[in-house]
Amino acid sequence: MGQIEWAMWANEQALASGLILITGGIVATAGRFTQWYFGAYSIVAGVFVCLLEYPRGKRKKGSTMERWGQKYMTAVVKLFGPFTRNYYVRAVLHLLLSVPAGFLLATILGTACLAIASGIYLLAAVRGEQWTPIEPKPRERPQIGGTIKQPPSNPPPRPPAEARKKPSEEEAAAAAGGPSGGPQVNPIPVTDEVV
Amino acid sequence: MMGCWLLNEGLSTILVLSWLGINFYLFIDTFYWYEEEESFHYTRVILGSTLAWARASALCLNFNCMLILIPVSRNLISFIRGTSICCGGPWRRQLDKNLRFHKLVAYGIAVNATIHIVAHFFNLERYHWSQSEEAQGLLAALSKLGNTPNESYLNPVRTFPTNTTTELLRTIAGVTGLVISLALVLIMTSSTEFIRQASYELFWYTHHVFIVFFLSLAIHGTGRIVRGQTQDSLSLHNITFCRDRYAEWQTVAQCPVPQFSGKEPSAWKWILGPVVLYACERIIRFWRFQQEVVITKVVSHPSGVLELHMKKRGFKMAPGQYILVQCPAISSLEWHPFTLTSAPQEDFFSVHIRAAGDWTAALLEAFGAEGQALQEPWSLPRLAVDGPFGTALTDVFHYPVCVCVAAGIGVTPFAALLKSMWYKCSEAQTPLKLSKVYFYWICRDARAFEWFADLLLSLETRMSEQGKTHFLSYHIFLTGWDENQALHIALHWDENTDVITGLKQKTFYGRPNWNDEFKQIAYNHPSSSIGVFFCGPKALSRTLQKMCRLYSSADPRGVHFYYNKESF
Numbered sequence: 001m002g003q004i005e006w007a008m009w010a011n012e013q014a015l016a017s018g019l020i021l022i023t024g025g026i027v028a029t030a031g032r033f034t035q036w037y038f039g040a041y042s043i044v045a046g047v048f049v050c051l052l053e054y055p056r057g058k059r060k061k062g063s064t065m066e067r068w069g070q071k072y073m074t075a076v077v078k079l080f081g082p083f084t085r086n087y088y089v090r091a092v093l094h095l096l097l098s099v100p101a102g103f104l105l106a107t108i109l110g111t112a113c114l115a116i117a118s119g120i121y122l123l124a125a126v127r128g129e130q131w132t133p134i135e136p137k138p139r140e141r142p143q144i145g146g147t148i149k150q151p152p153s154n155p156p157p158r159p160p161a162e163a164r165k166k167p168s169e170e171e172a173a174a175a176a177g178g179p180s181g182g183p184q185v186n187p188i189p190v191t192d193e194v195v
Numbered sequence: 001m002m003g004c005w006l007l008n009e010g011l012s013t014i015l016v017l018s019w020l021g022i023n024f025y026l027f028i029d030t031f032y033w034y035e036e037e038e039s040f041h042y043t044r045v046i047l048g049s050t051l052a053w054a055r056a057s058a059l060c061l062n063f064n065c066m067l068i069l070i071p072v073s074r075n076l077i078s079f080i081r082g083t084s085i086c087c088g089g090p091w092r093r094q095l096d097k098n099l100r101f102h103k104l105v106a107y108g109i110a111v112n113a114t115i116h117i118v119a120h121f122f123n124l125e126r127y128h129w130s131q132s133e134e135a136q137g138l139l140a141a142l143s144k145l146g147n148t149p150n151e152s153y154l155n156p157v158r159t160f161p162t163n164t165t166t167e168l169l170r171t172i173a174g175v176t177g178l179v180i181s182l183a184l185v186l187i188m189t190s191s192t193e194f195i196r197q198a199s200y201e202l203f204w205y206t207h208h209v210f211i212v213f214f215l216s217l218a219i220h221g222t223g224r225i226v227r228g229q230t231q232d233s234l235s236l237h238n239i240t241f242c243r244d245r246y247a248e249w250q251t252v253a254q255c256p257v258p259q260f261s262g263k264e265p266s267a268w269k270w271i272l273g274p275v276v277l278y279a280c281e282r283i284i285r286f287w288r289f290q291q292e293v294v295i296t297k298v299v300s301h302p303s304g305v306l307e308l309h310m311k312k313r314g315f316k317m318a319p320g321q322y323i324l325v326q327c328p329a330i331s332s333l334e335w336h337p338f339t340l341t342s343a344p345q346e347d348f349f350s351v352h353i354r355a356a357g358d359w360t361a362a363l364l365e366a367f368g369a370e371g372q373a374l375q376e377p378w379s380l381p382r383l384a385v386d387g388p389f390g391t392a393l394t395d396v397f398h399y400p401v402c403v404c405v406a407a408g409i410g411v412t413p414f415a416a417l418l419k420s421m422w423y424k425c426s427e428a429q430t431p432l433k434l435s436k437v438y439f440y441w442i443c444r445d446a447r448a449f450e451w452f453a454d455l456l457l458s459l460e461t462r463m464s465e466q467g468k469t470h471f472l473s474y475h476i477f478l479t480g481w482d483e484n485q486a487l488h489i490a491l492h493w494d495e496n497t498d499v500i501t502g503l504k505q506k507t508f509y510g511r512p513n514w515n516d517e518f519k520q521i522a523y524n525h526p527s528s529s530i531g532v533f534f535c536g537p538k539a540l541s542r543t544l545q546k547m548c549r550l551y552s553s554a555d556p557r558g559v560h561f562y563y564n565k566e567s568f
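Residue numbers (full-length UniProt numbering), protein chains in the order written: chain A, 1 to 195; chain B, 1 to 568.
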């Protein structure tokens, strides 16, 4: 399992846990279960976890599929710098968040799932993984006329392409006594044969 | 032919709708049963409708858990495929969509599990609350049942000063339910497409948590926590009369105390068959693993492609099928799929393996593809082969004209097909119905597939030897070219053979203009049925389907393009 970045799975697991916490919280709050305020907490914690985990981190090797619309959350998550970059912080954070939800039956599954996600993040942190934001690539402005090749500036007969293409080497070649670039000096005088 | 083709396309939709229909039927039928059944009348007094929601989703869960193991019993599917039934084509094609069905059933399990869990949260909460001081009347009376010696209880929560979590963890159903849900969540989070592509091993190993899932499911109902009134009690205790007279239950003869019993566990009955089947499946895979595979030839192509020729007793294949390969020296648990690239007429079977992950990279290294000295045959690592699986591309031979389009790595099944076509062509005994094949190969960089270009070259020579140069017409499109290449190609345009591939037919640059191609083909074959076969990315598949629709004539005697959707 050499190539696995554990953080990827931890991220999926944490996102799922967030959703489960929200669902459990809604059930407890709507049903006015005993100690339903834990349910309200669970909804808030679930939303927070979902928002934190929504932007995928960049993989070390290969390309990463972004989640739809994740760039907005990436900007926010990036702001917290080391708190969101470091996976030890995330592991501890998820563990602490999961504890209060464990007091209510409706959210206990969320607790278990988030605790597992916390464990996987710990494993990722131990292996030195980090969250790096996926930056949008700067759009290269199309240079107008950049691909238009100028027609040859010297009249025929022209030396072959190799000699024409590299002016710096031509100067070296000229120093060695080869045919020179720049303004063409015809070795044989050219006469116009049109009468 | 036309009827079969229609059936082909519509069959998937029909099957999915049938599955959905059965689910809805089971759900609604069970729901109404629990809502109306007399023996659960008193249970409903405490729980309300959530009893019916929980039980209905439980039945759907049983149904789906039964179904989920079947699409992944590969040997069973191959066996069914082997016994071909009438109009076998469309049904066999459905067998190839087994993984899609597996995922569909998994989603069904997830949805039903959510309903089931939420309903039971409500149930536990209500059971708990009905033991409180605030519960009055019938509710309180029912909850108190079971406190005296010859009463059977209804409410599994016996006292109020406890919390629902503790109560959950005291029941078998609760603990196994928690374990099952966790297993399901773990399986689903490690099966997302992202994780599967990033690390197939994580997906595969975590998926084996299904063993825990099924074991827990089998014992989930053994606590008999769903309680209804016994038949004997119903016959003695008239509900309509007695339900309001709960204060007199002990005293009045007409209303003896109602007796309750738990429902028998039924999940094991649903899942026993498929679990046994799947266990046999794994045993078969293990036995196949023990079978000897002889490696007869190893060819290391440049650009990291390894070609392996192998032999195995009793191995029969058809073009388009794939095998699963395991190399115990690299990993004792992983089986990786590879499309077969040899023709059935050859006395060996071959695969072409490209380094695209750690397992394949390790395999290439083990076989000395990294440019080391020649390997001795006895020092090559042992391989195990399971298969062949998958739909055969034999439908090609049913059409007089075929258009085969391969994009990128999708060219591999066509290697087997083209070779098979050539062999069938050379067998002079039975004249082939197939008389013309147009082959389009679109790839970014031909270097990764130069082994295929070699194959085309050898086919070209053999065809011209046989005098059948017009049988196969192939067009190669390179979509990744740069200016230097274009310059080089333009300079050598007038030569006889193509400068990149060395083939007589020239390589084109850029993507094919499908409108022109289809127009030309339709013009060449004005009244034939033309089969179109494709292997590659979905976007191109949609384009080709559109072309097939556009250029098929409305006249039944005119040209018709039949798009065969294959998934490899």
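These are calculated hints, taken from the structure and not from any lab test.
Hints are supplied without guarantee of correctness; some may be wrong.
[Stated by the list, open to error] Selected chain A positions facing chain B (in silico; Cβ < 10 Å):
{"#": "1", "residue": "F33"}
{"#": "2", "residue": "R56"}
{"#": "3", "residue": "R59"}
{"#": "4", "residue": "L109"}
{"#": "5", "residue": "V185"}
{"#": "6", "residue": "I188"}
[Stated by the list, open to error] Think about it this way: if two alpha-carbon atoms lie no more than 25 Å apart in a straight line, the pair counts; the simulated DMTMM-like pairs of lysine to aspartate or glutamate are:
{"#": "7", "chain 1": "A", "residue 1": "K78", "chain 2": "A", "residue 2": "E140"}
{"#": "8", "chain 1": "A", "residue 1": "K60", "chain 2": "B", "residue 2": "D358"}
{"#": "9", "chain 1": "A", "residue 1": "K137", "chain 2": "B", "residue 2": "E193"}
{"#": "10", "chain 1": "A", "residue 1": "K149", "chain 2": "B", "residue 2": "E483"}
{"#": "11", "chain 1": "B", "residue 1": "K297", "chain 2": "B", "residue 2": "E450"}
{"#": "12", "chain 1": "A", "residue 1": "K60", "chain 2": "B", "residue 2": "E193"}
{"#": "13", "chain 1": "A", "residue 1": "K60", "chain 2": "A", "residue 2": "E140"}
{"#": "14", "chain 1": "A", "residue 1": "K58", "chain 2": "B", "residue 2": "E450"}
{"#": "15", "chain 1": "B", "residue 1": "K538", "chain 2": "A", "residue 2": "E66"}
{"#": "16", "chain 1": "A", "residue 1": "K60", "chain 2": "B", "residue 2": "E365"}
{"#": "17", "chain 1": "A", "residue 1": "K61", "chain 2": "B", "residue 2": "E193"}
{"#": "18", "chain 1": "B", "residue 1": "K316", "chain 2": "B", "residue 2": "E292"}
{"#": "19", "chain 1": "A", "residue 1": "K58", "chain 2": "B", "residue 2": "E346"}
[As the list claims (entries may be wrong)] Pairwise CB distance ranges (calculated):
{"#": "20", "chain 1": "B", "residue 1": "T543", "chain 2": "A", "residue 2": "P159", "range": "43 to 51 Å"}
{"#": "21", "chain 1": "A", "residue 1": "A30", "chain 2": "B", "residue 2": "P161", "range": "24 to 32 Å"}
{"#": "22", "chain 1": "B", "residue 1": "H470", "chain 2": "A", "residue 2": "P187", "range": "49 to 57 Å"}
{"#": "23", "chain 1": "B", "residue 1": "H207", "chain 2": "A", "residue 2": "P136", "range": "46 to 54 Å"}
{"#": "24", "chain 1": "A", "residue 1": "K61", "chain 2": "B", "residue 2": "H207", "range": "17 to 25 Å"}
{"#": "25", "chain 1": "B", "residue 1": "P161", "chain 2": "A", "residue 2": "V44", "range": "45 to 53 Å"}
{"#": "26", "chain 1": "B", "residue 1": "T394", "chain 2": "A", "residue 2": "L79", "range": "56 to 64 Å"}
{"#": "27", "chain 1": "B", "residue 1": "K316", "chain 2": "A", "residue 2": "Q130", "range": "50 to 58 Å"}
{"#": "28", "chain 1": "B", "residue 1": "N515", "chain 2": "A", "residue 2": "K137", "range": "49 to 57 Å"}
Virtual Cβ for every residue (Gly too), placed ideally from N, Cα, C.
We went through each hint and held it up to the structure:
no.: 1; hint: F33; in the structure: holds, 5 Å
no.: 2; hint: R56; in the structure: holds, 8 Å
no.: 3; hint: R59; in the structure: holds, 7 Å
no.: 4; hint: L109; in the structure: holds, 5 Å
no.: 5; hint: V185; in the structure: violated, 27 Å
no.: 6; hint: I188; in the structure: violated, 26 Å
no.: 7; hint: A/K78 <-> A/E140; in the structure: holds, 24 Å
no.: 8; hint: A/K60 <-> B/D358; in the structure: holds, 15 Å
no.: 9; hint: A/K137 <-> B/E193; in the structure: holds, 24 Å
no.: 10; hint: A/K149 <-> B/E483; in the structure: holds, 12 Å
no.: 11; hint: B/K297 <-> B/E450; in the structure: holds, 18 Å
no.: 12; hint: A/K60 <-> B/E193; in the structure: holds, 18 Å
no.: 13; hint: A/K60 <-> A/E140; in the structure: holds, 24 Å
no.: 14; hint: A/K58 <-> B/E450; in the structure: violated, 34 Å
no.: 15; hint: B/K538 <-> A/E66; in the structure: holds, 20 Å
no.: 16; hint: A/K60 <-> B/E365; in the structure: holds, 24 Å
no.: 17; hint: A/K61 <-> B/E193; in the structure: holds, 17 Å
no.: 18; hint: B/K316 <-> B/E292; in the structure: holds, 15 Å
no.: 19; hint: A/K58 <-> B/E346; in the structure: violated, 47 Å
no.: 20; hint: B/T543 <-> A/P159: 43 to 51 Å; in the structure: holds, 47 Å
no.: 21; hint: A/A30 <-> B/P161: 24 to 32 Å; in the structure: holds, 25 Å
no.: 22; hint: B/H470 <-> A/P187: 49 to 57 Å; in the structure: holds, 54 Å
no.: 23; hint: B/H207 <-> A/P136: 46 to 54 Å; in the structure: violated, 34 Å
no.: 24; hint: A/K61 <-> B/H207: 17 to 25 Å; in the structure: holds, 24 Å
no.: 25; hint: B/P161 <-> A/V44: 45 to 53 Å; in the structure: violated, 29 Å
no.: 26; hint: B/T394 <-> A/L79: 56 to 64 Å; in the structure: holds, 60 Å
no.: 27; hint: B/K316 <-> A/Q130: 50 to 58 Å; in the structure: holds, 52 Å
no.: 28; hint: B/N515 <-> A/K137: 49 to 57 Å; in the structure: violated, 33 Å
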